[in-house]
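Asks: Sequence:
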Amino acid sequence: MAEVFSFRPASLRGAVDWRLEGDRLLTPEGWRDLSTLQGARLVQSTVRGILLRRLDLSFPEGRTRIAINVPRSAGPEQPDRRAHLALCRAIAAQLAKHQPQLPVHLGEGGRVRWVMFGMGAVSVLIALAIFFGALASGVSTDRLIGAAIPVGLLVLFGGAVMATTVPWAARPACTATELPARLARWDDA
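Residues in the sequence shown are numbered consecutively from 3, following the numbering used here.
No wet-lab data here; the hints were simulated from the structure.
Here the structure is a predicted model, which means the values were calculated and not measured.
One or more hints might be untrue.
[Unchecked claim] Restraint ranges, calculated between C-beta atoms of paired labels, are given here: (1) Leu130 x Arg84: 46 to 54 Å; (2) Ile132 x Leu28: 49 to 57 Å; (3) Arg84 x Ile128: 37 to 45 Å; (4) Leu14 x Gly109: 25 to 33 Å; (5) Val124 x Arg84: 38 to 46 Å; (6) Gly41 x Leu146: 44 to 52 Å; (7) Ser37 x Arg67: 13 to 21 Å; (8) Ala162 x Arg65: 26 to 34 Å; (9) Met121 x Gly64: 22 to 30 Å.
Glycine included, each C-beta is placed from N, C-alpha and C at the ideal position.
The task is simple: from the sequences and hints, build the whole structure.
Replies: Following this line, the structure appears as structure tokens:
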């Protein structure tokens with residue numbers, strides 16, 4: 003039995019149709035066989051009030067990204083958000099049934115993590131350069147103390163970003179069997 007899911011991936015884009023027929027998924031790129039799936043990644047984040055959700059599926063022929071960007075204020079009843087979640091849940095149910103041990107990575111990976119880590123490192127380096135530059139130039143103690151708070155905050159910010167995006171650290175993952183339960187919690191977000 004075929005299921006058709008239609009949603010707009012972003013506010014300014016037109017609707018995209020996805021069709022799931024058993025283990026076959028019709029994507030904008032063409033048909034994909036879920037039985038050949040090699041891995042998956044589940045991502046959810048919020049940036050400036052926009053909810054970003056994505057299920058990346060890795061096939062031998064390439065990656066298929068099922069993504070949606072909607073205003074967080076729209077709530078879980080927003081039609082596009084509901085259709086996207088329904089598609090992700092239907093795929094998760096198929097994977098749990100036919101590939102229960104398939105790894106599903108959670109959160110961003112790859113280049114995004116390297117870029118974020120680099121931004122944190124640059125923040126720390128700039129803060130240290132300001133501090134040591136001020137010391138070397140003979141700035142008065144009063145001015146040095148006045149600059150300590152913003153420079154310290156820059157170090158804390160950079161350090162926190164680096165600590166949470168270490169690219170070589172193991173990322174959390176679950177199996178395809180656990181994926182439907184994780185998607186059930188997406189309604190709460």
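Asks: With reference to the structure, classify each hint as holding or not holding.
Replies: Okay, the hints, checked on the actual structure:
no.: 1; hint: Leu130 x Arg84: 46 to 54 Å; verdict: holds (48 Å)
no.: 2; hint: Ile132 x Leu28: 49 to 57 Å; verdict: holds (55 Å)
no.: 3; hint: Arg84 x Ile128: 37 to 45 Å; verdict: holds (44 Å)
no.: 4; hint: Leu14 x Gly109: 25 to 33 Å; verdict: holds (26 Å)
no.: 5; hint: Val124 x Arg84: 38 to 46 Å; verdict: holds (40 Å)
no.: 6; hint: Gly41 x Leu146: 44 to 52 Å; verdict: holds (51 Å)
no.: 7; hint: Ser37 x Arg67: 13 to 21 Å; verdict: holds (20 Å)
no.: 8; hint: Ala162 x Arg65: 26 to 34 Å; verdict: holds (30 Å)
no.: 9; hint: Met121 x Gly64: 22 to 30 Å; verdict: holds (28 Å)
Hint check: no violations occur; every hint is consistent with the structure.
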